[in-house]
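Modelling step: build the complete structure from the supplied sequences, incorporating the hints.
Going line by line, the protein sequences match chains A and B. Heads up: the first sequence at position 135 corresponds to 187 in the numbering used here, and the numbers run straight through without jumps. Heads up: the second sequence at position 221 corresponds to 273 in the numbering used here, and the numbers run straight through without jumps.
For the record, the hints were derived by calculation from the structure and aren't laboratory data. If you're wondering where the values come from, they're calculated on a predicted model, not measured in any experiment. Just so you know, nobody snuck in bad clues.
Put simply, identical chains are the same to the list, so a pair is met inside one copy or across any two.
Capping the alpha-carbon separation at 27 Å, the derived lysine-lysine pairs in DSS-like fashion look like this: (1) LYS290 / LYS68; (2) LYS68 / LYS416; (3) LYS93 / LYS112; (4) LYS290 / LYS163; (5) LYS163 / LYS112; (6) LYS150 / LYS178; (7) LYS64 / LYS290; (8) LYS289 / LYS167.
2 protein chains.
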Amino acid sequence: MQKHIHGGNIYKASEKYGINADDILDFSANINPLGLPEALKKTLVSSINSLVNYPDPECKQLVKNISQYLSVLEDNVIVGNGASEIIFLLFEVLRPGKVFMPAPTFAEYAKAAVKFGADISYFELKEQNDFKLDIDRFIKQIEDEVDCVFLCNPNNPTSTLVDTGDLLKLLKHCRTRNILMVIDEAFIELTVGGNSNSMTGFLKEYDNLFVIRAFTKVFAVPGLRLGYGLGSTDIVKKMWDHKLPWSVNSLACSIGNILSDDLCYLRKTGDWIAKEKEYFYGRLREFSCLKVFEPQTNFALIKILLDGLTSAKLGDMMAAKGILIRDASNFTFLDDKYFRVAIKDRKSNEKFLVILDEVLKSCKG
Amino acid sequence: MQKHIHGGNIYKASEKYGINADDILDFSANINPLGLPEALKKTLVSSINSLVNYPDPECKQLVKNISQYLSVLEDNVIVGNGASEIIFLLFEVLRPGKVFMPAPTFAEYAKAAVKFGADISYFELKEQNDFKLDIDRFIKQIEDEVDCVFLCNPNNPTSTLVDTGDLLKLLKHCRTRNILMVIDEAFIELTVGGNSNSMTGFLKEYDNLFVIRAFTKVFAVPGLRLGYGLGSTDIVKKMWDHKLPWSVNSLACSIGNILSDDLCYLRKTGDWIAKEKEYFYGRLREFSCLKVFEPQTNFALIKILLDGLTSAKLGDMMAAKGILIRDASNFTFLDDKYFRVAIKDRKSNEKFLVILDEVLKSCKG
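Take a look at the structure:
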């Protein structure tokens, strides 16, 4: 079977450590800890009878909801089975010869690039710069053969955010060179400022922009499989043509109204991230044997400064106590000292801190 | 947007004919009219909270349930986003040079074959033989270059069933020629005899057999997106490796127990199909301007004998009265005289017959 190296596999952990899946605190997956919005839960329950019908293959209502949410035309919206399907579909229809992207970043871009025969070159995000992207250096390093630049913003796993001013500079540069700029904004609603950090406002003016989004993180529904893409009519049409029919299930099709019906949830989400991010970051920084990179969204990248302790070993010790972290050693340019943790609700974060403290103390001594 | 030519698009019909989607009787999709089993509904509702976790990428519990249901090893089971994902994935990993299949048949095989560069040759099922497959003639026509034969059993849209004796003859022939035999059994539980008509019992002995199945039709959950494939360890492993991660959503992952928990539902399904198939077929045959091919599963292929009336026109007239049929003119070797109808519960079937009668009378007269 396929080796899955992403976070969030509580089933494997449950089996490996003999802990009931429900008793595991999963800090390896970066999901909104406010959980499913109540309105969404109601919609889902009331939609169960609709499973006897095939999903609408064009997901019209959902596309309409998304277009209204972000003020884009319906012809510029494609929906898919999570952001994953959007990423693979994009490479499938574009078949770029060469892709340039900052790294470390989400591994699915490279996986999709390799699958569809693209060359990848990386722009290394440096630890000494706290993994922040220097947009001018990035632009300078875009070679002539590059067809497509791929950015994750905020970036996974570094939790860094590039501001829209810098991104616009890059977008303009790309347009003059006929390069498509793809931005994965899966976590954008989980930043302070939310959609104001998004590039979606530039879709009307820039044909060379493609934005990837998902319901997964912000509405805490990774199990539902719902992502979407926003881009030029031409690319979006090609993607619809190549898409597996009905890959978006009926329940996922039915939840588009959450984008307008529960603004309260989005506000609460904003309040939580603004407050909890600072608190958790502050507390994590108290560990002298860790280097914590300042998070801009609902997860933090952390480096272990303790000799002899690897992220895999730390992960094992934490998991034995019912807490999963994401070993980040398999990200390009990172090594076995890095791990990633989600930022959750205060109670869970407190529990995490206590157990992390216990485990680190036992390592030191 | 993609043109979807399958049955079951009640959303488009609702828009086109100005009828509420809930008021449409959909005879174009071949779903078990007993509806969602109650046990399944309960499982789904109680699983909604699990949407906050990523689905198990290996769907272990589901794979286990399927392996027990059909007495096959877990390593021989792959699950996917409907039978569609299984079909496309199979072509993706096999990349057969040449595929041979009877036609008319389900169009997705050809679509997947074309996508992955396979040549297709068809064995024409003849109307004068009531579209029944002559296995000896089929075997004789398998050319040396064929890598893979593809059968749908019972076949969509002809509703014909090949018995396991004939299929075994074909399977043995294929093995001597190193040909993979793929059988899509999406409707097998909706035949009289159910799983006794299945080839799954030969999986242990024949490495060159691959069986496609789905929860879609038998448990009336096309909206959930859940299909599976059964084949050699080697092919199944390759398919897992190429699969889009998490394409099976958490709710679909959670319903495997229905295969063992609700045998009563399967028995009721068997009773219904045995009885209703005969009744509906008998009543349909009373229409002198139609030729009805004897159904072996929960749908029937019908030919219009009336000059000037096409299946598209009939479909339009029926839809205006709230009943959808499946125009079958786009199936290979069929023309604009053919349509397909599902066999539903008695009450719906009666309503269908009344409206069909009205519409046909208005055409004649």
